[in-house]
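Trainee: The primary structure of each chain is shown beneath.
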Amino acid sequence: MNKRSHSIAFWAGVAVFLVAVLSMTQIVRNEYPFFAGYVILQFIALAVAWTILGGYAGYVNFGTNAFFGVGVYTAVALFKATGAPLVVQIAAAAVVGMLLGFGVGLLTLRMRGIFFSIATIALAIIIETFVMNWRFVGGAAGIQLQRPPVMAPFDSYVKMLFFVQAILVVIAVGIARYIQNSRMGRGLQALRDDELAAECTGVPTLKLKLVACMISGALMSAVGAPAAMYLQYADPSSAFNLTYSVSALAMSLIGGTAHWIGPVLGAILLGSTQQFLAVTISSEVNVLVLGIMLVLFVVGAPKGIIGLLRPRYRLRAGGKQ
Amino acid sequence: MDLLLGAVVLGVLLGCFYAAVSVGLSVSFGLLDVPHVAHPAFLVLASYGVYQLNDSYDLDPLLAGLAITPLFFLFGLLAYRVYYETFERRGSDAGVRGIAFFFGIAFIIEVLIILQFGVDQRSVTATYIGKSWRFGEFRVPIRQLVAFAVALALTVVLAVYLSKTFMGRAIRAVAQDEEALRLMGANPVRIKQFAFGIATAVLGIAGALLIIVAPVEPTLDRAYIGRTFCVVVMAGLGSISGTLIAAIILGVAESIVLTMFGASWAPAISFAMLLGVLAVRPQGLLGR
Chain A
0 MNKRSHSIAF
10 WAGVAVFLVA
20 VLSMTQIVRN
30 EYPFFAGYVI
40 LQFIALAVAW
50 TILGGYAGYV
60 NFGTNAFFGV
70 GVYTAVALFK
80 ATGAPLVVQI
90 AAAAVVGMLL
100 GFGVGLLTLR
110 MRGIFFSIAT
120 IALAIIIETF
130 VMNWRFVGGA
140 AGIQLQRPPV
150 MAPFDSYVKM
160 LFFVQAILVV
170 IAVGIARYIQ
180 NSRMGRGLQA
190 LRDDELAAEC
200 TGVPTLKLKL
210 VACMISGALM
220 SAVGAPAAMY
230 LQYADPSSAF
240 NLTYSVSALA
250 MSLIGGTAHW
260 IGPVLGAILL
270 GSTQQFLAVT
280 ISSEVNVLVL
290 GIMLVLFVVG
300 APKGIIGLLR
310 PRYRLRAGGK
320 Q
Chain B
0 MDLLLGAVVL
10 GVLLGCFYAA
20 VSVGLSVSFG
30 LLDVPHVAHP
40 AFLVLASYGV
50 YQLNDSYDLD
60 PLLAGLAITP
70 LFFLFGLLAY
80 RVYYETFERR
90 GSDAGVRGIA
100 FFFGIAFIIE
110 VLIILQFGVD
120 QRSVTATYIG
130 KSWRFGEFRV
140 PIRQLVAFAV
150 ALALTVVLAV
160 YLSKTFMGRA
170 IRAVAQDEEA
180 LRLMGANPVR
190 IKQFAFGIAT
200 AVLGIAGALL
210 IIVAPVEPTL
220 DRAYIGRTFC
230 VVVMAGLGSI
240 SGTLIAAIIL
250 GVAESIVLTM
260 FGASWAPAIS
270 FAMLLGVLAV
280 RPQGLLGR
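Protein chains in written order, with numbering that gives the first Met the number 0: chain A, 0 to 320; chain B, 0 to 287.
I should point out that these hints are in silico values taken from the structure, not numbers from a laboratory. There may be inaccurate statements among the hints.
To be verified - Anything over 12 Å on all C-beta distances counts as not near chain A; from chain B, calculated:
| no. | residue |
| --- | --- |
| 1 | Q51 |
| 2 | D57 |
| 3 | L62 |
| 4 | F86 |
| 5 | I128 |
| 6 | R133 |
| 7 | V155 |
| 8 | V156 |
| 9 | F193 |
| 10 | A213 |
| 11 | I224 |
| 12 | A252 |
| 13 | I268 |
As the list claims (entries may be wrong) - Coverage of chain A stretches by chain B, computed from C-beta distances (three or more under 8 Å per stretch; other residues unrestricted):
| no. | region |
| --- | --- |
| 14 | 62 to 73 |
| 15 | 101 to 114 |
| 16 | 158 to 165 |
| 17 | 198 to 207 |
| 18 | 215 to 221 |
| 19 | 273 to 280 |
The beta carbon of each residue, even a glycine, is placed where N, CA and C say it ideally should be.
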């Protein structure tokens, strides 16, 4: 009964959030809040997607940029070849991201700890190198994109992208929340705490990791798909920038990885701080803040913000204490 | 054919240089099991230190590298202390958070370099930079020969140190069985801290070589994550002699691909080899 009322509260919250976002696009005239807000929403979705594999299962994926970049370039290639609308681009990116997640998972998920992390960095660089040598999408120089006319009820493309990204956030959070409360989530947490013991008690560890990697990858690529239209430009070194990986990981760890709300809080906190700093100081200071916050939290608050806010929570879902 | 031979020769020179930049990681990651992804960031930091000394006092880059070595040694002692107190002593979850920790450190170093020196490439001046020797058809830049000689010497000295001296053997012992060492009355943490100091100190010279071989930029460490980890994993964790062999294999492979297919494919080579090694032979060529 309690679980059910939780669900009702959650979906009511989601509805309020979407209505608020939609009415904001109709009321606010200035475009800047949407430019900044888009980036924050993008990072919330990325951080939540990262947590499905990195947090629940404890596999530190440094390949967020690979999935993000593949999403960007799936959208670019599709748009250039067929002029497909945004929704199709996002769906295609999700499918490609899922396939990539399957491939990456098969290749790397038997590795533990740092070997897995390094292998995911490796895949990102290899894919980036292929895209750099792919003439059709502009190669290393990048490609300019012309935005198609905007659809009603939006009066600008950026506002529309803002709303689209909000929907992606809801999808990511919905999936992460579902997984966390399901058998799959418990299986992932069991294998994070002790993979061998989990395997011995009958948890299908490899299968769970693979599925987590596919879902996480599909979400990350879907989040990347609108980025080219947002910037009206795509180039490999921005699309595959390592900063996406570190941001997704930092936001998750700062927020706390045991619960889906952790990455949401982390991304809101860090994302809005960064947006503020980027305007007031410089984009370099952004990355500095990212690094310092990551190190401070990893050292000082291993359970992240949710660990600080709710000590009792540790007993419920924090795993071994 | 001559082209290929030239590529192989340059590859061997390059490979010895890769050994010098990787050999510290072979100690910190290979022997001590520290997930030190910030190793290449420390390397680039050392290069900027060398640049600063060269630029301000016109000091020879190699001497400058030697001059910052003690500083890097202390830096290494401190870094290990922090790592030990926060992760190893507490035990649980050290892997995940340790990697994130060093990644954070690497990012902080990158940005601090950008804030101090800007994003432009920086290079050093010395009498041996810019000239080259001709061997029949192809030329070899003298800067690469210098880097090769110093790198080879550095790697050999470290290998001898670890296998012949008392402290070197203690480091290898702590890597093999920490508990046994503790029972014999030694302090494994002190030994590991010293070893990490050595691994970081070596970067002073390696950083000098890095900026002698080619100009550096703040985010260069990202390319060297692949190279250094490729070498250390291919070598077999903690094998110093293996480091030299693996580094030469990587150097030759990069050099040949560069000659045959062009520079645009170069960044992927070390990472592709790393993935290949992890998939096929995770214990490396000379696995422990």
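Trainee: Is the listed coverage of the region 158 to 165 of chain A by chain B valid when you require three or more residues with a beta carbon under 8 Å from a beta carbon of that chain?
Mentor: The restraint on the region 158 to 165 of chain A is violated, since only 0 of its residues have a Cβ under 8 Å from chain B and three are required.
Trainee: Please check whether the region 215 to 221 of chain A has three or more residues whose CB lies within less than 8 Å of a CB on chain B.
Mentor: violated (count 0)
Trainee: Should the label of I128(B) as a non-interface residue stand, given a Cβ cut-off of 12 Å to chain A?
Mentor: Label holds. Min Cβ-Cβ 28 Å, cutoff 12 Å.
Trainee: Are there three or more residues in the region 273 to 280 of chain A whose C-beta lies within less than 8 Å of some C-beta in chain B?
Mentor: Violated: only 0 residues of the region 273 to 280 of chain A have a Cβ under 8 Å from chain B.
Trainee: Evaluate the condition: distance from the CB of R133(B) to the nearest CB of chain A exceeds 12 Å.
Mentor: Holds: least Cβ distance 33 Å, greater than 12 Å.
Trainee: Would the least Cβ to Cβ distance between V156(B) and chain A come out above 12 Å?
Mentor: holds, 28 Å
Trainee: Okay, the region 101 to 114 of chain A and chain B, do three or more residues pass the C-beta test at under 8 Å?
Mentor: holds (count 7)
Trainee: Non-interface claim for D57(B): all C-beta distances to chain A beyond 12 Å?
Mentor: holds, 29 Å
Trainee: Going by Cβ atoms, does A252(B) stay more than 12 Å from chain A at every point?
Mentor: holds, 14 Å
Trainee: So L62(B) supposedly isn't at the interface. Is its beta-carbon more than 12 Å from every beta-carbon in chain A?
Mentor: holds, 31 Å
Trainee: Test the statement that F86(B) is away from the interface with chain A: the closest C-beta pair must be farther apart than 12 Å.
Mentor: The claim breaks: F86(B) does not keep its Cβ more than 12 Å from every Cβ of chain A (closest is about 9 Å).
Trainee: Does the no-contact call for I224(B) survive, Cβ to all of chain A over 12 Å?
Mentor: violated, 6 Å
When held up to the earlier numbered hints, the structure conflicts with 4, 11, 13, 14, 16, 17, 18 and 19 and fits the remainder.
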